[in-house]
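Trainee: First residue of the sequence shown: 0, per numbering that gives the first Met the number 0; consecutive thereafter.
Hint data in this document are derived by calculation from the structure and do not stem from the laboratory.
Hints are supplied without guarantee of correctness; some may be wrong.
Claimed, not checked - Taking lysine-lysine pairs in the DSBU-like style, the calculated list, with each CA pair at most 35 Å apart, reads:
{"#": "1", "residue 1": "Lys220", "residue 2": "Lys143"}
{"#": "2", "residue 1": "Lys143", "residue 2": "Lys164"}
{"#": "3", "residue 1": "Lys164", "residue 2": "Lys220"}
{"#": "4", "residue 1": "Lys220", "residue 2": "Lys59"}
{"#": "5", "residue 1": "Lys59", "residue 2": "Lys143"}
As the list claims (entries may be wrong) - So the derived label-pair ranges between C-beta atoms look like this:
{"#": "6", "residue 1": "Arg155", "residue 2": "Ala46", "range": "27 to 33 Å"}
{"#": "7", "residue 1": "Lys164", "residue 2": "Thr225", "range": "40 to 46 Å"}
{"#": "8", "residue 1": "Gly71", "residue 2": "Tyr258", "range": "29 to 35 Å"}
{"#": "9", "residue 1": "Lys59", "residue 2": "Thr267", "range": "19 to 25 Å"}
{"#": "10", "residue 1": "Arg108", "residue 2": "His73", "range": "38 to 44 Å"}
{"#": "11", "residue 1": "Ile240", "residue 2": "Arg155", "range": "43 to 49 Å"}
{"#": "12", "residue 1": "Glu274", "residue 2": "Ala86", "range": "42 to 48 Å"}
Values in this document were obtained by computation on a predicted structure and should not be read as measured data.
By construction, the Cβ of each residue, glycine as well, lies at the ideal position given by its N, Cα and C atoms.
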Amino acid sequence: MALDLNARPPGYCSAARALTINRLQQPATQASNDASAVLDFAASCPAFTMAFQPIVDVDKGEVYAHEALVRGIHGEGAGHILGLVHARHRVEFDRACRAKAIELAAGLRMASRLSLNVMPNDTGRQGECFQSAVETAERFGFPKERLIFEVTESERVEDLPHLVKAFEMHQQHGFSSAIDDFGAGFAGFELFVALRPHIVKLDMELIRNIHTDGVRRAVVKGFVSTCGELGIHVVAEGVEIMEEVVALRELGIRLFQGYLFARPVVETLPAVNWEWEQRFD
0 MALDLNARPP
10 GYCSAARALT
20 INRLQQPATQ
30 ASNDASAVLD
40 FAASCPAFTM
50 AFQPIVDVDK
60 GEVYAHEALV
70 RGIHGEGAGH
80 ILGLVHARHR
90 VEFDRACRAK
100 AIELAAGLRM
110 ASRLSLNVMP
120 NDTGRQGECF
130 QSAVETAERF
140 GFPKERLIFE
150 VTESERVEDL
160 PHLVKAFEMH
170 QQHGFSSAID
180 DFGAGFAGFE
190 LFVALRPHIV
200 KLDMELIRNI
210 HTDGVRRAVV
220 KGFVSTCGEL
230 GIHVVAEGVE
240 IMEEVVALRE
250 LGIRLFQGYL
260 FARPVVETLP
270 AVNWEWEQRF
280 D
């Protein structure tokens with residue numbers, strides 16, 4: 000029986016459909032090996048969309064990037080949606096999320112960089128996660144050099160040399176690398192030294208109430224100095240109060256992400272709250 004790519008089983012998502020078509024258009028031997036797994040994933044894919052949260056440059060007064068965050072079509076959080084995805088389909092689902100984020104960013108005419116999450120053990124044998132995202136960017140006309148791939152520290156890196164090699168293999172596309180939640184996960188400085196990222200995002204636990212915590216200030220000050228010597232940008236995540244921004248700016252950080260500036264908004268580029276700047280006058 001001929002495969003009807005327009006038929007959508009319950010729970011089928013457009014991004015999964017795009018991945019299915021892409022896989023089935025590959026050389027016959029590879030497509031035949033992948034088709035069943037991809038279609039199985041597509042049938043079980045929960046309905047989802049993507050939200051965007053800005054990363055702002057407070058010195059320039061502009062949006063540096065938008066991070067893409069998975070959400071349910073009825074506003075469900077990332078934890079709920081990811082809980083519906085079977086472990087064997089997680090790699091495909093993550094790639095579907097990146098594809099959806101790029102499609103939306105292109106449709107919204109996003110002028111900033113687009114930051115996409117990558118699980119450190121999901122890059123594939125030849126860095127397929129990067130290649131598939133680059134191909135999606137080309138398909139929708141989103142500049143490849145404005146892509147940022149954030150490696151999360153929520154799981155232990157099983158093969159660090161492979162992860163570094165996967166990044167290096169695709170660097171000719173011009174995208175940037177980032178370490179997310181730095182200081183709270185498994186890898187820490189080992190991943191930092193091996194990957195040598197363009198961007199490091201400090202975990203919110205490192206910057207929470209930093210204006211009243213001398214130990215946190217000392218740790219962050221030293222790390223910001225190191226990154227400055229290496230030409231690495233530092234982003235402070237989870238910023239919620241103006242006092243944290245003031246303290247972090249004094250330490251040399253100019254890139255911020257958090258509710259103080261904007262909450263994530265589904266399928267929209269949120270307006271940034273710049274009113275906090277008036278407190279400096």
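Trainee: For each hint, tell me whether it holds in the structure or not.
Mentor: Each hint tested on the structure:
| no. | hint | verdict |
| --- | --- | --- |
| 1 | Lys220 with Lys143 | 32 Å, holds |
| 2 | Lys143 with Lys164 | 19 Å, holds |
| 3 | Lys164 with Lys220 | 30 Å, holds |
| 4 | Lys220 with Lys59 | 21 Å, holds |
| 5 | Lys59 with Lys143 | 23 Å, holds |
| 6 | Arg155 with Ala46: 27 to 33 Å | 31 Å, holds |
| 7 | Lys164 with Thr225: 40 to 46 Å | 24 Å, violated |
| 8 | Gly71 with Tyr258: 29 to 35 Å | 20 Å, violated |
| 9 | Lys59 with Thr267: 19 to 25 Å | 22 Å, holds |
| 10 | Arg108 with His73: 38 to 44 Å | 26 Å, violated |
| 11 | Ile240 with Arg155: 43 to 49 Å | 32 Å, violated |
| 12 | Glu274 with Ala86: 42 to 48 Å | 44 Å, holds |
Violated hints for the displayed structure, listed by number in ascending order: 7, 8, 10 and 11.
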